[in-house]
Amino acid sequence: MKEAKYWLKVFLATLGLFALTVLLLYLFLNKRNPSSPGVKEITVQVIVPGEDVQEFVITTEAYTLRQALEEKDMIKGQTSTYGFYITEVNGRKADESKQEWWCITKDGEEIFTGIDLINIQDKDKYELTLMEGY
Amino acid sequence: MKISSKTKDIVIVGIMSALLLTVQVALSFLPNIELVSLLIIISTIVFGWKTLSIIYIFVFAEGLIFGFGSWWICYLYVWTVLMLITMIFRKNRSSFFWALVAGAFGLGFGALCSIPYIFIGGLPMALAGFINGIPFDVTHCIANYIITLVLFKPLYNLLDWINRKEFGK
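Here the protein sequences line up with chains A and B, keeping their order. Just so you know, my numbering puts 45 at position 45 of the first sequence, and the rest follows in order with no gaps. Add 1000 to a position in the second sequence, counting from 1, and you land on the number used in my numbering.
Please keep in mind that the hints were generated in silico from the structure rather than gathered at the bench. Treat the hints with care, since some could be wrong.
Unchecked claim - Dumping the calculated EDC-like pairs for lysine to aspartate or glutamate here, alpha-carbon to alpha-carbon at most 20 Å:
(1) Lys93/A - Glu41/A
(2) Lys1091/B - Glu3/A
(3) Lys123/A - Glu71/A
(4) Lys1153/B - Glu3/A
(5) Lys40/A - Glu51/A
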């Protein structure tokens, strides 16, 4: 009887953990903006302090910003424990010794999402800015 | 030759910190699949409060290897949280129980690590960081659950046996 009670507790706790996992995944999937299917036209500005701003209009069927930029060979990066991060844009490498990094913004507003999680929609405008200092 | 209790403690802390660091670095190419949680749980059960020293030597060495970035701030408390939870249930020896604790810890890892971002960029930044990390937390949860379920008993028995035999505790 005591053992049966113990296993019931284990089962219920496991079920609780499973339910929490599903709930978090639901939250994750619903908080992300869906990508619009088909051909999209997005604008990407590359901003390096002290240099002219470069602007690119990209026509793509990609779903994420990473896919769109990789299609045009615009970015290079590395995959870390926390996902993909950009190390190079249009041949300009972020110098880690100077604590340089590429910041992604959409219409000037910072996006706290990895580039492979940014779902693009038609007429989106993104900026890739070389920042200094972590 | 009689070895003092203090020397034994130093040896335990040194070996366990090195072990944590080794398994962490060895598995660092696998996103959120790690043995550190399990080892901290077992270490806390076997060695008790000494695990606090083990954790902070490990955290400092991690900073030296990977750099003292913002992730490091989270390491300053996240493993201690796991140790404190383990201390509460220290007498429990059920693999299933510890698998649940390790799984829940894995699932909550992202939430715990997003706390410093509340002070850096406000609640929206912390929340966005947490939500984006959910797939990693889910992986962490499943991996921790399975690893602990499978390895808790053999590793606990081994460490407990070494502790009794070699350190006479």
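These are the hints, each one checked on the structure:
1. Lys93/A - Glu41/A: violated (26 Å)
2. Lys1091/B - Glu3/A: holds (18 Å)
3. Lys123/A - Glu71/A: holds (18 Å)
4. Lys1153/B - Glu3/A: holds (19 Å)
5. Lys40/A - Glu51/A: violated (28 Å)
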